[in-house]
Amino acid sequence: MTRSLTLLPRSLSFRRPSSARFYSLTTSLALVTPLLAALMAGFLYPVARLVALSFSGGTLSHYRRIFTEPLHLEVLFSTIEVAFIVTVASLLLGFPVAYLMAQLGKGLAMAVTACVFIPLWTSVLIRSYAWVVLLQRNGIINTLLVDTGPTEGPLKLIYTQGAVILAMTHVLMPFMILPIYSTLRALPPDYVRAARNLGAGPVRAFVAVTLPLSLPGVFAGSVMCFVLALGFYITPALVGGPNSMLMATLIGQQTTVLLDWPFAAALSTVLLAVTLLFVLMFRRTLSLSKGLNSVY
Amino acid sequence: MTAGEFVSLLGPSGSGKTTALTMIAGFETPSAGRITIGGQDVTFLAPNHRNIGMVFQKYALFPHLTIRQNIAFPLRMRGRMQKTAIARRVEEMLELVQLSEYAERYPNQLSGGQQQRVAVARALAFEPPVLLMDEPLGALDKKLREAMQFEIKRLQERLGATVVYVTHDQDEALTMSDRIAIMSDGRLMQFGTPTELYRQPRTEFVADFIGRMNFIDGDCLDCTAEQTVVRLSERTVLNLPSAANERTRRYNAGTALRLAIRPERMRLTKRGDGGADALPGIVDAAVFIGSTYIYLVRLADRPDASLQVQIAADGVTPFQKNDDVDIVLDGAAAHVFPVMERCAA
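For the record, the sequence lines run as chains A and B. Under the numbering used here, the first residue of the first sequence is numbered 1005, with each subsequent residue one higher. Under the numbering used here, the first residue of the second sequence is numbered 415, with each subsequent residue one higher.
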């Protein structure tokens, strides 16, 4: 989780306050030291230990195992695939919500924001169990389908990849909505007015101005969603079956069931490397679009 | 408004200037009344169909587009022009505002003055018959602002565009406009040429807002079509010729009035030399500002009333602080307004 937060694009807002001018170097250092120390102890050190563990015995045997046994590669690819689909789904579903929130008056926007935030404050575990309740064999959806008649017997909804994607999209959507919302909110209304004034209809004004100017938020939200999805554990563990195993569940299995720590460490390192790779790719795409860069 | 005219909406902040502009542009719908352009009712027409150019207060240049793309935007949106024609038109506009070498830059790489010129070029690119400007020079420093005032005026005359210009800077409005609409609290106070507004303000608000104005409270002794006799104190009674009162109503004797007179429409003489209608006063301060002297004179029998008098400096012996003087008013240039009636147009 910490990984994704530290690698976010520089800023989500249009105004960038520079506090460097007001605080001396010593003060700044003093202010970041506690967090830095906590990160070192709680994050950097364990990760270093983990990476070291994956090379235990001085061989690359664990890595060879990952890349030679098709099962492990399959899990890796399906993890990336699921993360990708979840990100796209969150974007498609979340953008309109963020746009609505930015357009609405204060009172209504608050209500919608609450609808987005309250699930976020609710434990992931509870939200995932809620999906189990909905999707299980004798769950609400199946009961409804059988009773009203469109299907003969109950469908297999839970323990499928579809269920994993559905539940993860639900859980991760706020992480997409919030950065997009903050970008849209910071967008001066004059841009859209100017576009309308210069002859663009509402749709063209949106496509030519609002959408490109909201891309920083879209990128931030996508990186956040994608990275979180890559390492997601609880939801796939609960609603996904053995056939829809993801990297995090696989790693969990290695450490808690099979007790093969060095191999779990190697898997983790691969996941970490893949995550970093994607984040760098996102950042690169962002920095290549020059006009967008000037928005920041 | 007539076509080709440069009209300013002038008023303090919160007086409804910008709201009026956003309604002309079509971002807001008026609760009453109509907006017509060239005989066509546009009150409920969408902003993109109004064909009005607008320069926004903060320019609203699209940050993700280059200067060239910004200027081409209105032409692309209209979709009636060939690519090459658009390119040619953009070049012309860039030349017009002398920014050809900045075409590939992004707005945030330009200075405030340059961005302002881009905003003007973008608003004029599709040759709108009407151009709206919302305090377009507000963000610039004084020197640049004066240069741009001249520039905008020159451009407007060359293109023959009708301009509605919003500003809270009266000097800007006076120098640039053919006519000025003075606004206060969402209401139009007076609409006229700069000279009219300066010489014949119809309300106290306008008199106060445009230029410097002295006000003295008094009450009416005899206000008729022929003369206006105002009593300022027990001993001081002013008899003004009818001209001063021509635009205002007749008042009943005893009505509280406020006399308004410009600093440059008064003279100072030695006490006793001023004649019957002079106001005796004492000089409180004398300031020499090159071309003129500015005196602050307290009325002798009305210590609460203080007048600013402006006198051309050449060939006059200056008065000193605490000198006893007579103030001689140019009665024809004085205005009389009823007290308590602040907003009536």
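If you are wondering where the hints come from, they were derived from the structure by calculation, not from laboratory data. A couple of the hints might just be wrong.
Claimed, not checked - Incomplete in silico selection of chain A near chain B, CB under 10 Å:
| no. | residue |
| --- | --- |
| 1 | Asp1194 |
| 2 | Arg1200 |
| 3 | Asn1201 |
Given the structure is predicted, the values throughout are model-derived calculations rather than measurements. Where a beta carbon is used, it is the ideal one built from N, C-alpha and C, also for glycine.
A quick look at each hint next to the structure:
1. Asp1194: Because about 4 Å separates aspartate 1194 (chain A) from the closest Cβ in chain B, which is inside the 10 Å limit, the hint holds.
2. Arg1200: Because about 4 Å separates arginine 1200 (chain A) from the closest Cβ in chain B, which is inside the 10 Å limit, the hint holds.
3. Asn1201: Interface hint status for asparagine 1201 (chain A): holds (5 Å vs cutoff 10 Å).
In this structure, none of the earlier numbered hints is contradicted; all agree with it.
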